[in-house]
Amino acid sequence: MALAGQVGGNCPKGANGSPIEFDLHAPLTGHQARVEAERCYYCYDAPCTTACPTSIDIPLFIRQISTGNELGAAKTILDSNIMGAMCARVCPTEQLCEQACVRNTAEDKPVTIGLLQRHATDALFDDGRQLYGVGAPTGKTVAIVGAGPAGLACGHALARLGHAVTIFEGRAKSGGLNEYGIAAYKAAGGIAAREVDYILGVGGIEVKHDTRLGRDISLDLLRSQFDAVFLGMGLGGVNAVGIPGEGLAGVEDAVGFIAALRQGVPAPVGRRVVVIGGGMTAIDVAVQARLTGAEDVTIVYRGAESAMKASPYEREVARSRDVRIKTGLRPKAIVGEGGRVMAVEFAYADGRDETCVIPADQVFKAVGQSFLAGDGASALALDGGRIAVDAGRATSLPGVFAGGDCAAGGQDLTVAAVEDGKIAALSIDSYLRA
Amino acid sequence: MADLTTTFAGIKSPNPFWLASAPPTDKAYNVIRAYQAGWGGVVWKTLGEAGPPVVNVNGPRYGALHGADRRVIGFNNIELITDRPLELNLQEIKQVKRDWKDRALVVSLMVPCEEEAWKAILKQVEETEADGVELNFGCPHGMSERGMGSAVGQVPDYVEMVTRWCKQHSRMPVIVKLTPNISDIRAPARAAKRGGADAVSLINTINSIIGVDLDAMTIAPSTDGKGTHGGYCGPAVKPIAMNMVAEIARDAETRGIPISGIGGVTTWRDAAEFMTLGAGNVQVCTAAMVYGFRIVEEMITGLSEWMDGKGHTSTADFIGGAIPNVTDWQYLNLDYAVKARIDQDKCISCGRCHIACEDTSHQAITAMVDGKRRFEVIDEECVGCNLCASVCPVEDCITMEPITGLDPRTGREVGRSYSNWTTHPNNPNRKAAE
Ligand SMILES: Cc1cc2nc3c(=O)[nH]c(=O)nc-3n(C[C@H](O)[C@H](O)[C@H](O)COP(=O)(O)OP(=O)(O)OC[C@H]3O[C@@H](n4cnc5c(N)ncnc54)[C@H](O)[C@@H]3O)c2cc1C
Ligand SMILES: Cc1cc2nc3c(=O)[nH]c(=O)nc-3n(C[C@H](O)[C@H](O)[C@H](O)COP(=O)(O)O)c2cc1C
Ligand code: SF4
Ligand code: SF4
Ligand code: SF4
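Sequences listed follow chains A and B, in order.
Okay, so the first sequence: first residue is 1 according to the UniProt record's numbering, each after it adds one.
Okay, so the second sequence: first residue is 1 according to the UniProt record's numbering, each after it adds one.
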């Protein structure tokens with residue numbers, strides 16, 4: 001079987017102008033922002049704010065936009081969510097703030113909070129002024145593992161409170177999945193890196209890249225050298241589907257492919273691509289595979305469409321890019337020839353005694369990531385495979401806190417990781433001042 | 001279809017919608033377009049005495065107060081009377097009247113406060129065969145500095161004197177246009193009546209500063225860094241104008257004098273409101289300047305639809321219809337009580353009613369009921385003030401319902417009798433109950 005398109009040919013660079021760098025949520029013009037801002041009712045105890053994991057004062061920032069005070073609006077946003085710029089782009093707003101907007105009840109058309117948030121934060125970044133600085137030094141030191149949303153949010157809050165922060169990051173760049181995971185079309189214009197720079201611009205935070213917990217440093221070492229430790233390591237492992245044939249050439253994990261695209265590393269794309277999964281990762285990999293040259297892309301999910309973690313909006317994004325979504329099919333085996341994938345065989349979830357075979361020359365596994373406690377965190381109590389934490393994000397070890405995807409009970413969203421980092425910073429501050 | 005023809009101060013027009021003396025009626029070109037669009041009449045832009053015409057500033061002459069979505073809710077101008085030669089205007093008036101016999105054409109005039117000046121111009125206007133004259137005693141800027149416009153309108157004796165001259169020196173109906181920049185509108189209206197006016201029209205524009213440029217430290221509109229107050233009009237002035245119209249309609253001395261209602265008329269509904277308060281027709285300026293002449297189509301069809309629905313066959317059926325129900329505060333029934341009622345099916349839970357009542361009124365609307373976000377009226381606290389219904393973004397969601405029996409707030413019997421302030425025990429000047 002010919003495997004054209006499998007190698008060479010399509011190696012998108014992820015740079016500006018490449019097909020994956022379109023802007024999924026194009027910015028509002030000043031006029032559009034003004035018109036949209038005036039739709040906001042300035043609700044009391046606003047439901048949108050309640051629905052925002054970081055509790056941004058949404059009516060206030062929208063009112064500030066409507067009076068031409070974009071920078072004030074940006075400050076309102078960042079005061080609650082230091083990653084307001086990325087969150088404006090990656091939050092599933094249709095399931096969070098916008099879902100709660102009372103305009104939905106009245107006319108099925110929420111205020112486009114995400115786009116307004118982007119408008120305000122873009123204005124701040126274009127202006128360039130730094131709104132935050134370090135607090136009066138406390139003499140305390142905090143080690144943070146992971147420069148993803150959780151770690152950066154925690155570090156920023158701690159720096160503002162006057163603590164000296166050192167972040168240990170296993171990768172070469174900061175940003176976590178904002179830099180390596182989020183689809184390129186949600187982070188156009190290098191916004192992830194700009195945001196990291198802005199956050200670190202507060203001062204008082206040192207980042208040591210290429211330094212991994214469990215390889216270069218240990219938790220014991222951090223505990224002995226710092227007054228407190230925050231773990232924001234995300235999910236290091238990729239779940240296996242658990243069917244025969246996963247080892248065939250052409251079977252890849254979605255997260256790795258997306259990361260390669262974001263970093264401009266050559267990522268060969270097949271002609272007929274099957275994506276196994278039903279979440280945001282599945283959507284992102286499918287859409288990007290399609291955009292970078294795959295002729296035929298199918299997402300296959302085992303349950304009903306309504307059970308998919310990807311929201312209706314995300315599914316629409318995929319369908320509008322000509323990605324097929326098939327549901328009710330359980331992966332049974334990946335079939336190959338000569339060591340390369342040829343097709344995927346599925347069983348019908350409704351139990352009928354047939355199989356469905358979808359030809360494929362590339363298969364992406366997007367069935368979730370998992371926490372690798374082996375990465376230096378084995379001394380901590382776990383809960384459902386992730387680090388057990390209390391309401392203040394304290395772990396089972398005194399002085400060690402955790403948040404974001406690696407902590408149990410989260411939502412696996414950027415915004416939730418930011419909130420975790422924020423809460424943990426306040427707990428750490430109390431712990432250090434006790 | 002209802003008959004919209006009106007006869008106002010002896011002047012016939014196919015409908016009660018006239019354009020007020022202003023830029024829309026500045027020259028034949030505009031007036032012909034207006035007639036083509038369907039306007040029943042026009043009051044030609046104010047003419048001044050013969051000789052070199054006035055000059056306007058060459059900088060901006062208008063300014064606007066914008067509501068949501070840049071909707072013009074208030075409008076301000078520093079324009080003077082016509083800046084075209086008198087002869088040219090008169091020629092055009094004559095020709096237009098000849099070509100459009102079925103439409104009303106009234107000529108607005110403003111000359112110095114000298115009998116000869118008025119006599120001269122009246123003679124010239126009479127030769128055009130225009131239907132009548134309107135005396136502009138209202139322009140509040142520029143012309144008033146020269147002893148004309150509102151400088152005359154603010155002194156009832158002058159109003160009476162000039163009106164009398166005009167009646168003496170002309171056969172034409174004389175409409176006296178009043179300025180609202182006065183503490184009691186009845187004084188100039190009575191003066192006009194004493195002088196023999198056939199009608200009054202009101203309001204002209206209200207002294208105003210539309211805005212301040214916070215960078216340049218000047219007011220808008222700014223002419224080379226300096227600004228002067230202008231005249232305010234548009235939807236925002238309608239309530240002020242309607243009150244003045246009603247005052248004249250109710251006044252013992254002026255009752256029955258034809259009134260042309262002006263100020264913020266934008267839709268058929270505005271026109272109908274003015275007319276029920278005693279206006280025999282309406283004049284429009286700002287709405288035409290904002291939307292163009294075709295708005296009259298909506299006015300004509302809307303008014304006739306409404307009249308058909310109410311069984312009115314002519315405008316006389318409803319002109320002044322609301323006047324018997326306009327009274328003084330002291331006669332309002334203090335035994336009448338209402339309570340706010342929230343239609344929970346319409347409520348979108350924005351919470352505006354709650355916070356408005358909580359912060360600024362009577363703490364009579366809940367925000368939570370049994371731990372759930374829910375807005376309910378507490379009858380024991382509700383004074384029936386109408387604030388909540390005014391701020392609720394959903395039409396008819398909050399209504400004010402009359403109650404009969406014990407008012408749970410006051411413990412008083414309400415809804416069955418009539419008593420007012422004149423006999424109230426708390427009134428130091430009360431009359432003995434009859
Ligand atoms: C493909 C994909 C698409 C997504 N799309 C969205 C989306 O559209 N919207 C949304 O809200 N969320 C999305 N998410 C989820 C979101 O990215 C995460 O919830 C969020 O990034 C979690 O932040 P975090 O800080 O906990 O972890 P991460 O972002 O994973 O950051 C963890 C950081 O720790 C570092 N690290 C890990 N282990 C070690 C170690 N041992 N030593 C040192 N450093 C270490 C990592 O290199 C990384 O920089 C997506 C996730 C994926 C995978
Ligand atoms: C730009 C402008 C110029 C005006 N010029 C005159 C005028 O020359 N003579 C006059 O009697 N009124 C003049 N007016 C007042 C209008 O005729 C009218 O009384 C007033 O605008 C209120 O009506 P509105 O709310 O429909 O605009 C002018 C108003 C505007 C906006
Ligand atoms: S719920 Fe909607 S209307 Fe209300 S404050 Fe939030 S964005 Fe504005
Ligand atoms: S409205 Fe016409 S005349 Fe006035 S500024 Fe605009 S373009 Fe010029
Ligand atoms: S203002 Fe109206 S819509 Fe809003 S909560 Fe009150 S009743 Fe409901």
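Since the hints were made in silico from the structure, they are not lab data.
Any given hint might turn out to be false.
[Said to hold, decoys possible] With the C-beta cut set under 8 Å, the calculated list includes, among others, these residues of chain B facing chain A:
(1) Pro53
(2) Ala68
(3) Asp69
(4) Gln344
(5) Cys350
(6) His354
(7) Ile355
(8) Val369
(9) Gly371
(10) Arg374
(11) Pro393
(12) Val394
In this text the structure is predicted, and so the values were computed from the model without any measurement.
Cβ coordinates follow ideal geometry from the N, Cα and C atoms, glycine included.
Status of each hint after checking the structure:
1. At about 39 Å, the closest approach between the beta carbon of Pro53 (chain B) and any beta carbon in chain A exceeds 8 Å, and the interface hint on this residue is violated.
2. With its C-beta approaching chain A no nearer than about 4 Å, Ala68 (chain B) sits inside the 8 Å limit, and its interface hint holds.
3. Below 8 Å, beta-carbon pairs count as interface contacts, and Asp69 (chain B) has one with chain A at about 5 Å; its hint therefore holds.
4. Violation of the interface hint for Gln344 (chain B) is found here, the shortest Cβ-Cβ separation to chain A being roughly 12 Å, above the 8 Å cut-off.
5. For the restraint placing Cys350 (chain B) at the interface with chain A, the shortest Cβ-Cβ distance is roughly 4 Å, inside the 8 Å limit, so the hint holds.
6. This hint holds: His354 (chain B) has a C-beta 6 Å from the nearest C-beta of chain A, less than the 8 Å allowed.
7. The interface hint given for Ile355 (chain B) is met, as the beta carbon of that residue sits about 4 Å from the closest beta carbon of chain A, less than 8 Å.
8. With 8 Å as the threshold, the beta carbon of Val369 (chain B) stays out of range of chain A, its nearest partner Cβ sitting at about 14 Å, so the hint is violated.
9. Here the hint on Gly371 (chain B) is broken, as its CB sits about 13 Å from the closest CB of chain A, past 8 Å.
10. Because the beta carbon of Arg374 (chain B) sits about 12 Å from the nearest beta carbon in chain A, more than 8 Å, this interface hint is broken.
11. This hint holds: Pro393 (chain B) has a C-beta 5 Å from the nearest C-beta of chain A, less than the 8 Å allowed.
12. Because the smallest distance between the Cβ of Val394 (chain B) and any Cβ of chain A comes to about 6 Å, under 8 Å, the interface hint for this residue holds.
Checked against the numbered hints listed earlier, the structure breaks hints 1, 4, 8, 9, 10; every other hint is satisfied.
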